[in-house]
Amino acid sequence: MNAILLTAVWGVVMMFSGVFIKSKTAPKYLAIAGIIIIFIANLLELNAFGIGVLHVNIDTKEMLNISSFNLSFLAVVFACTLLFFLLSGSDIEKVGDDVSEYFGLIFFVLCGVSLVSTYNTLLLLFIGIEILSIPLYILTGSDKRNLKSNEAALKYFLMGAFSTGILLMGIAFIYGGNNNGSFYINNLEMGEGPMPAMIAVGLVFMVIALSFKVSAAPFHFWTPDVYDGAPTVFTSFMSTIVKVAGFFAFVRLFENAFGKVQPQWQNLIVFITVLTLLIGNVTAVFQQSVKRMLAYSSIAQAGFMMLAVFALNNTAKEGLVLYAAAYSIATIGIFAVLIKMNDYTIDGFNGLAKTQPQLALCTTVFLLSLTGIPLTGGFMSKFFMLSAAAETGTRFWLIIVAVLFAAISAYYYFRVIQAMYFKEATTVVIDEKEITRGFKITLAIAAVLIIAIGIYPEFIIGWMYH
Amino acid sequence: MDIKAYIALSLTLFIIGIIGVLTRRNAIIVFMCVELMLNAVNLLMVAFSNMHQASGAAKALPTFASDAQIFVFFIMIVAAAEVSVGLAIIVMLYRNTHNIDVSFLNRLKN
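If you read the sequences in order, they're chains X and S. Numbering follows our numbering, with no gaps: position 61 of the first sequence is 61. Heads up: take any position in the second sequence, counting from 1, add 1000, and you land on our numbering.
Hints listed in this document are in silico derivations from the structure and should not be mistaken for laboratory results. No experiment lies behind these values; they were computed from the predicted model shown. Among the clues, some could well be false.
Pairwise CB distance ranges (calculated) [as the list claims (entries may be wrong)]:
hint, chain 1, residue 1, chain 2, residue 2, range
1, X, Gln-262, S, Leu-1022, 28 to 34 Å
2, X, Lys-423, S, Ser-1103, 38 to 44 Å
3, S, Ala-1008, X, Leu-404, 43 to 49 Å
4, S, Tyr-1094, X, Phe-422, 43 to 49 Å
5, X, Tyr-411, S, Ile-1028, 41 to 47 Å
6, S, Asn-1096, X, Gln-418, 36 to 42 Å
Built from N, CA and C at the ideal position, the CB exists for glycine as well.
All chains, please: the whole structure from these sequences, using the hints.
Following this line, the structure appears as structure tokens:
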């Protein structure tokens, strides 16, 4: 509850700060202060400091279900946002004139994230997804004079509104089909045996709509264009925090509402998982632009996260929170380096290790983590996902397929490492003035965090059973 | 009236909306088709609400049946918010290109 209230309030504070504060750099510090306050308030609700649960208690008629599991997920989200602000905050200032609005909109997105990770009724799922999406449409189009940004915004908006329509149709059918006439996801009375036809139709509609939101194939086609067209800082935010929040909503819905009829929809999810892994990994191989490659890589990683929806056991839930942390930190780090580059193609990274050895080393750690090399967080989270899939006891071939595609992903991640270390730079790859000491230190902390998650994942999982 | 008639009507409206989104090229018309989809859902929600009210299931939990009618208001409000953002995006695009054709949007593919 703390997180939902504070993110909404801080969004408004950021919006108004634009009226009273003329300085262009001040909003960044206000936003960092805000996210730290929200992070601490969230930890207080989780009772992480051992001084008792401190939270605003509002009777929501059980429309929200707040547990240590979703609070620990929110803690990961806020920590990643803090990292994002520290690394890329100064790049948000360069997007346009309305700096405080951009930060305000990011806080509204976080409010949506808090809602979709704690909802207990389909009404709040819908509202949460909308609160999360509408500010993103604006952020995508925030580079107003850039035609690519305009196109990305329009495409994202039309696709988003379309998927909202499908989501609502699914909700309507689930409401009509269950005998209780209830929107509460833990109170859907479906009877014994096969699902009623209306619930089945509703379920398929909801799978389609949520696949749109998390960009799982075959509903991923908007992703590369939108991620490519949006200002790079906001792509970084969209492809990490927003995407893992979508998965969290996905898992929450299927665990609570459709957990009992799991065998009946598992084939559908397996189909989406395999297709997402295939399309994401194979298409990423052919990309020349690193920004576009990361967009496809985010589709490929979504395939791995779909395994959590497939398995739906405790290991899957632990794995999802771990995956959220490892994937978000690594991708935010790579994007933070990418924004500083003069050229976004893979050749643009040529010889980075010569001029900026520390930056190249951190980027290497992030890329290794995304590939899933042992000792990094990416390995541990992929391991959790695969063991969750194994625990279901069916479809062992799915694990083999997932590992094979992870091997393919090594190809396109390693190309960037190869460019940084083994190729000679032909032009100036990076503007030295842009790289401050603070940026380097934050990047190093992110790299250390990735390795820490890989060696000792219990420090995140421990929160879930607080 | 039978609930099946309402389901048929709102599904028809919904499919007209989907076909419009997928085939029309004018951004405003695509936009209107999305609105048509949302209104098809509104109709279905209200019809289901009435169905649950009439059946015995809702009598045990009286508020559930009217929940859908509240839901419809939320859909309308969110749709209004979405319209304001969407039209702003279309205006922004028109200022730059003097065109609102969706098929115009393929520069990103390259």
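Those earlier numbered hints the structure runs against, lowest number first: The structure breaks none of the hints.
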